Amino acid sequence: MRPFKVIRPVNEKEAMEQVSEDNASYMAAGTDLLNRIKEHVASPDSVVDLKSLPGMNTIEVTDQGIWIGALVRLSAVSSHADVLSRFPAVCETIIHAATPQIRNMATVGGNLCQKPRCWYLRHEGYSCVKNGGTGCWARDGENEFHGIFDNQICSATQPSNLAPVFVAHEAVIEIASKDGVRELTADQFFIGPASDPLREVSLEEGEFVRRVMLPESTRAGSWAYEEAREKQSFDWAQASVTLLLDRGGRKGDHRVVLGAVSPAPLRRSDIEKKIDGSDDEIAEASGIAGAGATPLSENGYKIPMLKGLIGKAIRSARSRKEG
Amino acid sequence: MVSKNKNPEKDGVSRRSFLQGAGAAAAAAGVARIPETVIAGQNGVATPEVLGPEAESILLKVNGADKKASAPPSTTLLDFLRNDVGVTGPKRVCDRGSCGACTVLLDGQVVDSCSMLAIDAVGKEITTVEGIGTPDNLSRLQKAFIEKDALQCGFCTPGMVVSCTALLEENPKPSRNQIREGLSGNLCRCGTYQNIIEAVEHVSRKGG
Chain A
0 MRPFKVIRPV NEKEAMEQVS EDNASYMAAG TDLLNRIKEH VASPDSVVDL
50 KSLPGMNTIE VTDQGIWIGA LVRLSAVSSH ADVLSRFPAV CETIIHAATP
100 QIRNMATVGG NLCQKPRCWY LRHEGYSCVK NGGTGCWARD GENEFHGIFD
150 NQICSATQPS NLAPVFVAHE AVIEIASKDG VRELTADQFF IGPASDPLRE
200 VSLEEGEFVR RVMLPESTRA GSWAYEEARE KQSFDWAQAS VTLLLDRGGR
250 KGDHRVVLGA VSPAPLRRSD IEKKIDGSDD EIAEASGIAG AGATPLSENG
300 YKIPMLKGLI GKAIRSARSR KEG
Chain B
0 MVSKNKNPEK DGVSRRSFLQ GAGAAAAAAG VARIPETVIA GQNGVATPEV
50 LGPEAESILL KVNGADKKAS APPSTTLLDF LRNDVGVTGP KRVCDRGSCG
100 ACTVLLDGQV VDSCSMLAID AVGKEITTVE GIGTPDNLSR LQKAFIEKDA
150 LQCGFCTPGM VVSCTALLEE NPKPSRNQIR EGLSGNLCRC GTYQNIIEAV
200 EHVSRKGG
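Protein sequence lines correspond, in order, to chains A and B.
107 is the number that numbering that gives the first Met the number 0 gives to position 108 of the first sequence; each next residue is one higher, with no gaps.
55 is the number that numbering that gives the first Met the number 0 gives to position 56 of the second sequence; each next residue is one higher, with no gaps.
It cannot be assumed that every hint is accurate.
[What the hints assert, rightly or not] Residues on chain B that point at chain A, a partial pick, calculated with CB under 10 angstroms:
#1 Pro71
#2 Val84
#3 Thr102
#4 Ile145
#5 Leu150
#6 Glu197
No lab work stands behind these hints, which were simulated from the structure alone.
For clarity, every value in this text was computed on a predicted model and none was experimentally measured.
Glycine residues also receive a C-beta, built at the ideal position from the N, C-alpha and C atoms.
Produce the complete structure using the sequences and hints provided.
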């Protein structure tokens, strides 16, 4: 691996100063960054290790919600008793991510900020709109695992398993920035290529995620997470559906967020409206799964896949409620 | 602990990694520096610890023993173990965190040693397959691997043994699905999964 310096800042100001140096990159656990360095698609001269910062490795339970530090490991979130009892969908999505080994290493902040898994983007031989060049190789190339929505500029999908469930729960992303701390909701945090093809999250230069809050007011009456993938482990979803019913005890306040089919998690309020408790809600809701989709040569299968997953999610959430 | 081995002033200890609990080999000179670091951090004065890119002295606790060598801070834990301190149980197969052949325990938890830096393991207990059993003193699980013929080419076996050991430690009576889930980060290209599961069940049946 290409050698680099490791810089361990003692406070946030110092972290931002260090990362503003030429060719520096933040790192948390490094499970994604190290792979990209090995593949020669990232080549930082220095890595600013966020793990040396204090206070970002805790889970804090309050009446308003649960704050999860950006440095908390995925396995520590999914096994946390309060997260499990109050936001079980979050734990379920984590259990589907990667492998036990990676979940013991990878952090929440790193999971949100990992780069897309597009095989062109992760190959040093390809220049595209996402790494400063032009065009999208996948559009007319190998695109079996790419997006079917909002895929004109870049067809890579958002790879974070936490992203859809954070959007569904309207999680608050707390960001350390030069002017102090700022907050974004998860749906503001994840951005598509039209905003900026070089970024998948709205972090400005020098900024990093400090912690994430799951608001108590979005706790689900019932929920489901369904995903399809080729392998049972260490694989990314081909499509996923996060469904929250009657959030905060408000009847009809549902969320349907699709994952792995678009550059940012895709909330589908049209599908939410179809989930009305009627006898044909499954047919109605899953029937419009492909509305607005622009599938590429090899990924049209994702539309029927989504239909199946939406149906499965509704059945699962309804049975959980009754059970 | 990590230190600039070529810089005699800093040799033996780096302030922050000492604070993180590296402990035993702390030199008196290093101890004297601790308050300075703490105060600097509290006052917001920029004093980041900068490691590398040249080799640094890295001290890790592997299978209960101190292992020290000089390596760039960009060295993965796997490469440090195999190439710098000669602990070759963890295998380098995919080097991307997808196969589990490099699995070790870090403070008792399974991790892919290829996907983290060696310096991030400073102060933690690292257990490799060598720490689980020896040829003369195999663990019960290792004996069960032999009895149940749970390997073919054997290249995934060190990682499998580490993962299975962690699984049984956490859950002495795992169901078949829990065993599968526990092993989901370890690939065996020979396809010996069934026999590995039987080996775990064999140990589980016999009780803790």
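Hints and how they fare:
Hint status for B/Pro71: holds, given a least beta-carbon distance of 5 angstroms to chain A, under 10 angstroms. With 10 angstroms as the threshold, the beta carbon of B/Val84 stays out of range of chain A, its nearest partner Cβ sitting at about 18 angstroms, so the hint is violated. The interface hint given for B/Thr102 holds, since its Cβ lies 6 angstroms from the closest Cβ of chain A, which is under the 10 angstroms cut-off. Interface restraint check for B/Ile145: the shortest CB-CB distance to chain A comes to about 25 angstroms, outside 10 angstroms, so the restraint is violated.
Because the closest C-beta pair between B/Leu150 and chain A is about 19 angstroms apart, greater than 10 angstroms, the hint is violated. Given hint, B/Glu197 at the interface with chain A, is violated; its Cβ is 19 angstroms from that chain's nearest Cβ, farther than 10 angstroms.
Figure legend: structure checked against the earlier numbered hints; hints not met, in rising order: 2, 4, 5 and 6.
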